[in-house]
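Protein chains: 2
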Amino acid sequence: MYQQIDHIAINTIRTLAADVVRKANSGHPGAPMGCAPMAHVLFSKFITANPENLKWPNRDRFVLSNGHGCALQYILLHLLGNLTIDDLKLFRQTDSKTPGHPECHLTEGIEVTTGPLGQGFSNSVGLAIAQAHFADVFNQPGFDLFTNHVYVIVGDGCLQEGVASEAASLAGHLQLGNLIALYDDNHVSIDGNTEVSFTEDVCKRFEAYGWHTQVIADGDNDLEGITKAIENAKKVTNKPSLIKIRTIIGIGSKNEGTEKVHGAPLAPDDIVEVKKKFGFDPEKFFHVPNEVYELYGQYREKGKAAEAQWNKLLENYTTKFPEKGNEIKRRFSNKLPEGWEKHLPRYTPSDPAVATRKLSENVLNKIADAIPELIGGSADLTGSNLTRWKTAVDFQPQSTGLGNYSGRYIRYGVREHGMFGVMNGLTSYGGLIPFGGTFLNFISYGLGSVRLAALSSFRVLYIMTHDSIGLGEDGPTHQPIETVAGLRALPNILVFRPADGNEVSGAYLAAISNLNRPSVFCLSRQNLPHLEGSSVENTLKGGYVLKECTDAKITLTGTGSEISIVVEASKKLESEGVKTRVVSLPCFELFEEQSIDYKSSVFPDGIPILSVEALATFGWSKFAHANIGMTTFGSSGPYQQLYKKYGFTAENISEKAKKTIEFYQTTPVPSVIHKPF
Amino acid sequence: MYQQIDHIAINTIRTLAADVVRKANSGHPGAPMGCAPMAHVLFSKFITANPENLKWPNRDRFVLSNGHGCALQYILLHLLGNLTIDDLKLFRQTDSKTPGHPECHLTEGIEVTTGPLGQGFSNSVGLAIAQAHFADVFNQPGFDLFTNHVYVIVGDGCLQEGVASEAASLAGHLQLGNLIALYDDNHVSIDGNTEVSFTEDVCKRFEAYGWHTQVIADGDNDLEGITKAIENAKKVTNKPSLIKIRTIIGIGSKNEGTEKVHGAPLAPDDIVEVKKKFGFDPEKFFHVPNEVYELYGQYREKGKAAEAQWNKLLENYTTKFPEKGNEIKRRFSNKLPEGWEKHLPRYTPSDPAVATRKLSENVLNKIADAIPELIGGSADLTGSNLTRWKTAVDFQPQSTGLGNYSGRYIRYGVREHGMFGVMNGLTSYGGLIPFGGTFLNFISYGLGSVRLAALSSFRVLYIMTHDSIGLGEDGPTHQPIETVAGLRALPNILVFRPADGNEVSGAYLAAISNLNRPSVFCLSRQNLPHLEGSSVENTLKGGYVLKECTDAKITLTGTGSEISIVVEASKKLESEGVKTRVVSLPCFELFEEQSIDYKSSVFPDGIPILSVEALATFGWSKFAHANIGMTTFGSSGPYQQLYKKYGFTAENISEKAKKTIEFYQTTPVPSVIHKPF
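The listed protein sequences derive, respectively, from chains A and B.
Residue numbers for the first sequence follow the UniProt record's numbering, so the first one is 1 and each next one is one higher.
Residue numbers for the second sequence follow the UniProt record's numbering, so the first one is 1 and each next one is one higher.
Hints are computed from structural coordinates only; laboratory data are not their basis.
Keep in mind that a hint or two might mislead.
Straight line, CA to CA, 30 Å or less: simulated DSSO-like cross-link-like pairs of lysine-lysine [what the hints assert, rightly or not]:
1. B:Lys23 with A:Lys645
2. B:Lys659 with B:Lys622
3. A:Lys659 with B:Lys622
Listed next, the stretches of chain A that the computed footprint assigns to chain B, with coverage defined by at least 3 CB atoms under 8 Å from CB atoms of chain B [unchecked claim]:
4. 94 to 104
5. 152 to 162
6. 377 to 386
7. 624 to 633
Idealized CB from N, CA, C, for every residue including glycine.
Can you build the whole structure from these sequences, using the hints too?
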């Protein structure tokens with residue numbers, strides 16, 4: 001089946017990897033060299049994709065979960081014509097397309113950003129869910145539009161990570177037959193042989209999860225074996241597949257099979273020997289034999305043809321099923337359904353007090369059918385997060401009788417990190433807007449994936465309820481304190497803490513309209529009144545004046561569940577003759593993007609500002625001269641008592657407001673908007 | 001073997017659990033009711049502990065990993081005489097000893113704080129490592145001082161969490177025969193039957209990890225079966241054990257076996273039926289039959305006697321092995337070895353530039369033998385974190401030939417969250433100071449455990465290297481941005497970012513001397529010069545003047561790797577006639593604890609302050625009027641180029657300093673120390 005040229009191609013990848021890492025004087029040669037055979041088998045026999053349109057919806061997805069081996073991916077993209085040899089020479093150089101770990105927002109052809117171990121694997125589960133979903137929703141007899149597979153290469157490191165365990169268990173439960181993992185079983189991690197810490201039976205573990213498993217004893221040479229195993233895996237349509245492939249890391253190097261070839265360039269003389277061993281001229285660097293370019297050129301042509309055929313199929317489909325066909329086109333062009341935002345509920349102060357988590361459920365009930373690309377779930381807190389809309393159907397294998405693959409509600413189980421990783425995969429597939437729920441405190445369990453959503457510019461929605469000591473009796477193990485500060489410090493993410501119904505609707509409007517960044521909703525467990533002056537549109541500005549007042553002596557500000565208490569405090573102050581403004585600040589990030597003029601109108605110079613938020617005060621200094629907030633952990637008790645204990649009362653706020661006013665009678669009030677640079 | 005009284009005791013626990021949760025009008029009755037039989041078997045037949053000295057070193061450890069079921073633990077502590085019936089009546093009430101989830105710093109007899117799922121299970125692995133370690137180091141023929149077992153009850157939720165998977169794989173590898181997990185297999189989680197998301201074969205998974213497994217089909221009644229299984233488990237000394245015990249959640253309730261009994265009180269009329277079913281008077285609340293008190297009184301006496309005997313053994317041991325005997329006493333009384341701090345290295349500016357991660361290794365090399373309770377490792381980044389000291393021996397099963405249980409270096413594998421959870425267990429055991437290493441960015445993988453260390457007042461050390469864009473080529477997937485801000489917002493934790501050798505030594509001095517809080521060391525990959533004016537002692541103050549200057553126009557401040565650049569900038573400014581002060585601020589938390597006078601001497605009013613830190617600027621407003629830092633993700637490239645790209649150069653700092661000075665020529669300089677309240 002394989003010929004001499006295939007071995008030349010594999011050795012081209014190996015020697016090129018050695019050169020790429022050497023030139024950068026930094027990086028990981030071992031994995032690309034060891035994984036070259038399985039990668040070549042994948043790209044030569046299995047992966048159908050069009051290098052000239054890397055976003056073709058039905059392409060097979062390839063994920064390199066051991067992202068440190070990305071020289072492999074860049075080399076493949078080069079052979080397929082997507083990266084130049086100069087790009088390879090700029091490996092790990094500032095502002096190149098070939099960074100130290102693959103970044104999907106930077107390099108076309110990279111499906112997901114990997115490197116932090118276990119992430120790519122969990123993303124691949126999301127990609128597989130997405131494929132199964134699109135196939136079930138759109139495929140029709142004679143129109144197998146969505147048929148792609150998801151291939152993921154995964155190393156020992158990834159498989160030790162909890163995020164991968166969570167995703168693997170979920171994938172087994174969901175019977176994702178379209179997911180095929182090639183496990184690069186090279187027995188080596190950074191600390192040496194895996195015998196020092198990783199001696200479990202990986203195949204048995206995956207069988208326990210419900211996976212199909214196979215073993216290839218000689219992954220360095222047995223191309224036929226790898227091929228047959230992948231063919232077998234494709235035939236098993238009701239189980240994800242793990243193929244354990246024994247390889248030698250850094251094969252060809254004098255240090256092959258050891259941790260020495262993992263994370264540092266091979267020595268120049270070692271590279272000479274590698275090239276000789278593989279029949280390459282050691283004097284040539286970054287050398288690709290012409291016949292290898294020709295071979296990969298064939299794959300390129302094959303991919304082009306495949307997409308052309310698919311495009312024809314889609315056109316015929318659209319003729320026969322115009323609504324569905326146009327829906328596919330709409331969704332993969334990232335356009336939202338016309339007028340979806342009209343479904344967002346709006347409130348007036350006479351509406352009854354409701355928890356913002358419940359108001360979020362209201363939004364989902366209104367928009368879930370209007371935006372069919374919404375796909376979401378909860379990490380086993382559905383009844384608490386209120387993430388399941390009325391008409392929802394569970395995403396489950398049909399055979400379970402619990403739902404089907406057209407379903408859009410995912411039962412993630414108690415797997416926060418896995419859930420967030422899966423959500424990144426869902427986004428990456430295209431045509432989907434994933435959301436996921438848990439308690440705000442437990443976003444900390446999955447921050448590794450949250451930060452990659454931000455880095456990847458992925459629109460995902462985190463519905464985080466029970467967002468402060470206001471959750472009450474569950475106590476400090478469940479009460480977030482530091483959580484929001486950490487999220488506000490993260491680049492390219494919107495953090496919303498809405499104060500009432502209009503702000504919840506505004507948060508959804510902003511989050512769904514922001515194509516290129518994730519959003520976190522911090523939502524209350526406790527009921528909150530709808531506020532005079534709150535507005536959907538003003539929420540889009542991140543902060544706004546809720547209550548204006550000429551000649552005010554103080555501006556009170558805050559977020560979420562504390563705003564109604566702030567309003568109460570402002571009334572108390574007014575009743576004592578202290579003129580008071582109130583500013584709601586549901587989203588720091590959007591507020592900071594407003595014009596200086598607007599920001600100055602919200603926080604005018606010369607009026608001291610007191611902030612109130614039942615979370616860590618850390619970070620509030622930039623918007624307020626004095627802060628009421630948490631500087632310790634909370635405690636377990638009814639939330640009304642806790643709010644009193646920690647000073648979130650109109651009485652304490654007005655007392656502290658008066659102290660603040662007094663302090664600034666003898667001291668100039670610094671501007672929080674006008675800064676040196 | 002069991003008699004009527006045992007069933008009465010079990011039903012007492014069940015009815016009491018219903019009452020406790022009902023009275024609080026909040027909480028989880030189902031798990032305590034379902035787990036009552038296994039808990040009673042454990043406490044009546046297996047757990048040896050002395051309720052009159054809950055800190056006896058050789059007590060068996062009991063962990064309730066499904067911490068939401070803590071009514072069970074409180075009831076057991078009541079039956080054993082450690083909590084009063086009034087404590088039970090104050091369940092989930094503010095400032096009670098019986099919070100909504102068990103908190104070890106609050107309630108004597110609680111070994112570890114649980115609730116966030118999977119944590120208790122990973123803690124139990126740490127407790128088992130600690131036991132194996134003490135046994136190997138101190139036991140002598142005829143002197144089996146450390147013989148205790150670790151028992152953990154774990155639910156479906158815990159076993160779905162990645163942190164538990166990581167810890168379980170490690171426990172199997174380490175062959176921890178002293179660890180026995182009772183899996184409350186009740187088929188129910190919050191979203192309903194586990195069939196919706198958790199259908200893996202748990203026993204098979206644990207066998208793959210190297211565990212011994214058993215199944216009890218009727219965990220509600222088969223006390224003999226549970227007993228025999230635990231006996232079997234104790235006999236298997238080279239494998240941890242999982243006993244899967246099928247139970248009915250909320251047994252006796254009309255909603256038994258469903259999610260309805262999981263997280264809400266039973267209805268009063270349901271409780272009436274429960275009590276009738278179990279032969280209890282429905283008119284009586286919080287009722288404990290006298291014979292049950294008597295039964296548990298016997299266990300109490302048994303425990304007292306066991307400790308008395310052990311104390312005698314320890315005295316004889318101390319006579320025969322005075323050094324070792326006194327060492328045990330010292331370590332369990334939380335005293336540090338006399339004079340350990342003299343081993344801390346000190347440096348002068350003429351010493352060669354070194355990365356702070358390397359300086360941390362220097363400290364470990366100096367103190368590891370002086371402080372034998374130090375036990376640490378790395379999540380498979382030993383050569384990068386530099387956490388292994390010269391004389392270290394690996395903690396490994398002797399049979400592997402890789403080390404032994406006396407070893408103090410733990411190969412955690414690529415399991416950050418599991419590592420941090422294990423570290424909490426090690427601390428909880430007593431007599432140990434654990435440390436663990438990974439890249440700073442990947443502390444995010446395990447924040448769930450880090451925040452519990454802080455909440456639990458545990459002294460653990462996080463050695464976090466590669467602490468900024470200064471790690472260079474690995475790129476933004478590995479470069480922390482928001483990480484330190486999130487940690488600084490967390491209560492009860494010290495976050496150090498030392499600038500040179502003396503500050504690294506100071507950070508260790510502070511961290512090891514602080515018995516009741518964890519510490520994070522943020523350490524550079526790149527080399528840094530030793531600074532004129534740096535000091536071990538000043539580091540203990542969190543911030544100090546590195547370079548004073550009368551009539552200064554500006555104070556430059558920052559942390560870690562940026563301080564030497566700040567010093568360079570100050571020289572540049574001085575050369576241009578701009579008088580400049582420099583403040584090093586290695587630890588915000590310690591600085592904030594200093595007197596107002598001291599803080600004012602560091603940041604005198606009237607002089608503008610510019611901060612420089614190659615991390616998110618978020619949170620710096622409280623100490624500085626203008627900030628140089630990161631507001632985006634970093635990128636992949638040589639770090640010198642990145643430092644230039646993002647403005648961490650003497651040139652940019654001095655330019656921004658001049659802008660800051662100019663700005664404050666027309667605007668009053670606000671105090672960062674004097675605040676309204």
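Quick rundown of the hints versus the structure:
1. Of the supplied pair hints, the one linking B:Lys23 and A:Lys645 holds, its CA atoms being roughly 22 Å apart against a limit of 30 Å.
2. Distance restraint check for B:Lys659 and B:Lys622: the Cα-Cα separation of roughly 19 Å lies within the 30 Å cut-off, and the hinted pair is therefore satisfied.
3. For the hint pairing A:Lys659 with B:Lys622, the CA-to-CA distance comes to about 19 Å; that is within 30 Å, so the pair holds.
4. Counting residues of the stretch 94 to 104 of chain A whose beta carbon lies closer than 8 Å to any beta carbon of chain B gives 7, which reaches the threshold of three, so the coverage claim holds.
5. Check result for the stretch 152 to 162 of chain A against chain B: holds, 6 residues qualifying (beta carbon to beta carbon below 8 Å, three or more required).
6. Proximity of the stretch 377 to 386 of chain A to chain B, defined as three or more residues with a beta carbon under 8 Å from a beta carbon of that chain, is established by the 6 residues found.
7. Coverage of the stretch 624 to 633 of chain A by chain B holds. Counting CB-CB distances below 8 Å, 6 residues qualify, and the rule asks for three or more.
Hint compliance for this structure: no hint is broken.
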